[in-house]
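Mind docking chain H on chain L? Use the hints.
Number of protein chains: 2
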Amino acid sequence: MKKYGFGVDVGGTTCKIGLFETTGVLVEKWEIPTDVSDNGKNILDNVAAALKGKMAEKQIQAQDVQGIGIGIPGPVDAKGDVAVCVNLGWGHVCVAKDLSEKMDGMLVKAGNDANVAALGEMWQGGGKGYEDVVMVTLGTGVGGGIIVGGKVVAGAHGAGGEIGHLTMNPHEAESCGCGRKGCLEQYASATGLVRLAKQALSKEHAATMLDQIPEVTAKDVFDAYKEGDAVAAEVVGKFAAVLGRGLSKISCVVDPQIYVIGGGVSKAGQPLLDAVKKAYQEEAFSSCKVTEFALAILGNDAGMYGCVQLILE
Amino acid sequence: MKKYGFGVDVGGTTCKIGLFETTGVLVEKWEIPTDVSDNGKNILDNVAAALKGKMAEKQIQAQDVQGIGIGIPGPVDAKGDVAVCVNLGWGHVCVAKDLSEKMDGMLVKAGNDANVAALGEMWQGGGKGYEDVVMVTLGTGVGGGIIVGGKVVAGAHGAGGEIGHLTMNPHEAESCGCGRKGCLEQYASATGLVRLAKQALSKEHAATMLDQIPEVTAKDVFDAYKEGDAVAAEVVGKFAAVLGRGLSKISCVVDPQIYVIGGGVSKAGQPLLDAVKKAYQEEAFSSCKVTEFALAILGNDAGMYGCVQLILE
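Quick mapping for you: the protein sequence lines, in order, are chains L and H.
Position 29 of the first sequence, counted from 1, bears residue number 29 in my numbering, the numbering being contiguous throughout.
Position 231 of the second sequence, counted from 1, bears residue number 231 in my numbering, the numbering being contiguous throughout.
Any given hint might turn out to be false.
What the hints assert, rightly or not - Below are the DSSO-like pairs computed for lysine-lysine, each with C-alpha atoms no more than 30 Å apart in a straight line: (1) LYS16/H to LYS238/H; (2) LYS16/L to LYS267/L; (3) LYS277/L to LYS181/H; (4) LYS151/L to LYS97/H; (5) LYS79/L to LYS181/H; (6) LYS128/L to LYS151/H; (7) LYS289/L to LYS79/H; (8) LYS181/L to LYS238/H; (9) LYS181/L to LYS277/H; (10) LYS151/L to LYS151/H; (11) LYS238/H to LYS238/L; (12) LYS181/H to LYS238/L; (13) LYS181/H to LYS289/L; (14) LYS151/H to LYS97/L; (15) LYS151/L to LYS128/H; (16) LYS79/H to LYS151/L; (17) LYS181/L to LYS278/H; (18) LYS151/L to LYS289/H; (19) LYS151/H to LYS79/L; (20) LYS128/L to LYS79/H; (21) LYS151/H to LYS289/L; (22) LYS181/L to LYS16/H; (23) LYS181/H to LYS278/L; (24) LYS128/H to LYS79/L; (25) LYS128/L to LYS41/L; (26) LYS181/L to LYS289/H.
Please keep in mind that the hints were generated in silico from the structure rather than gathered at the bench.
Keep in mind that this is a model prediction, so the values were computed, not measured.
Bound conformation, chain L alone (with noise of 0.2 Å):
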């Protein structure tokens, strides 16, 4: 293995861009603005000039760089082909091939970026010691990244993952973003927490510090929560019911050894863990029961780790 590796996490505003030690350290970090213009043409040349930039400065040879992985909000195929990325503008380009051309010849390899972030908290995050993970992303919606024996489940669709959609109930009134109706992330997401606090504060209720918040948000429910507000506390308990049965679900599938929770809710940090995990033992299949949870610790950092594990398998 030599010495060094890039991650470079792609996203539709920045791209994240991490020199890392392979051996998991990470050196330094920087980003550069993604030109969306054209078609998004110039981002891989913009990436390559910061690559052989930094290069330059910090007088590295080609010879100890093991690999630059390169993270893209997408589906990504085995070959490193993207189909087409609405949030870059692309249509198909074959990301890995080209950026490595641009590189002269140097290994590289793409992934999607919700299952590069998976890999991230694998090798250095919150699954660390782990090769069979499943990382649920907790922000505006609900990710996934399913990882079995250290290698992501892309799914044959590009659809591996996407737990923010299984059905949790097949009676709820309104539509999901897909267009379907009771998905998890209707329920346990930032935009599903807030749903449910307002469905709590629109009937008889206790007394309760959110209504005095003219718009409540994620983190003012967990604060509540923390304070031991009750009407919080009934609707964190129903966030994080329905969020355990959705994993208890997954558990019946892949059966990993641990479930690591990050995205921005996750920030309300250990008494959401615990939440969570209470409600998933009460509803996991009697040998699940022992499946381990963490943390996600690596935040937005995640993606730049991932890439680089990319390239060590």
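Just chain H, lined up with the frame of chain L:
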């Protein structure tokens, strides 16, 4: 790759043994009784004697045998060890290692019987040509085998593919065999189908040929369904809807290329497959609506085939 391989599917009553060409051709199959006396201590000796006898009879040399795959009715770890197998009377047995020693060092791999059946259907059955396959076995219960990239997902606690215990209805009043309530197999197994039929017959219902049958079986329901019986159509519709919904959840986790439906209930054939596929497509996440469906074709030989597939990796 050497010319021959053996597949040994060990059951509680008999061991099904197959001599295969490693190209996938079944040369000969036969059975020996499974001797569960004395905590099953003779089982592997008997298997070894049977294999050596067949090699002598066919004048097959050890150097022409790729190896032996063996399926066990219980959890088997990655090394081929069994911690306990109630059906065989076994405590801890190093199956792969022990059988290899009895066979003069021949390559032996061991796997769980449900998982090797899935591998068999992938190799030479309904899932031939695919490598991301979910095998669904509809028998007394509902079993599953999850294959990703040609490898079985056994799970960290042996619960990979325990799809019969996906919770489908948290409001179910009756208990599943696992002690929980609302599991997939309470609806989508032979037992589940009969239960749904009894429920339909106990309520006010349309004229039905099922009323003439003292103890309705799953086969009776499907026979009546094929004849256009209204009550049978209602029951099969409910069965298919729950199964389709269950499979749509699996697609949000591992997103296979194909579902292969086997087990006794699958003898109902194409009408069953069509009903399940229709229900699945109504429920599935958009990119997974195109997932393929096929009937299993190897029947009780699937395990033997899959055992051989184990040694081809």
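Looking back at the hints listed earlier, which ones does the structure fail to meet? The structure breaks hints 1, 5, 22 and 25; every other hint is satisfied.
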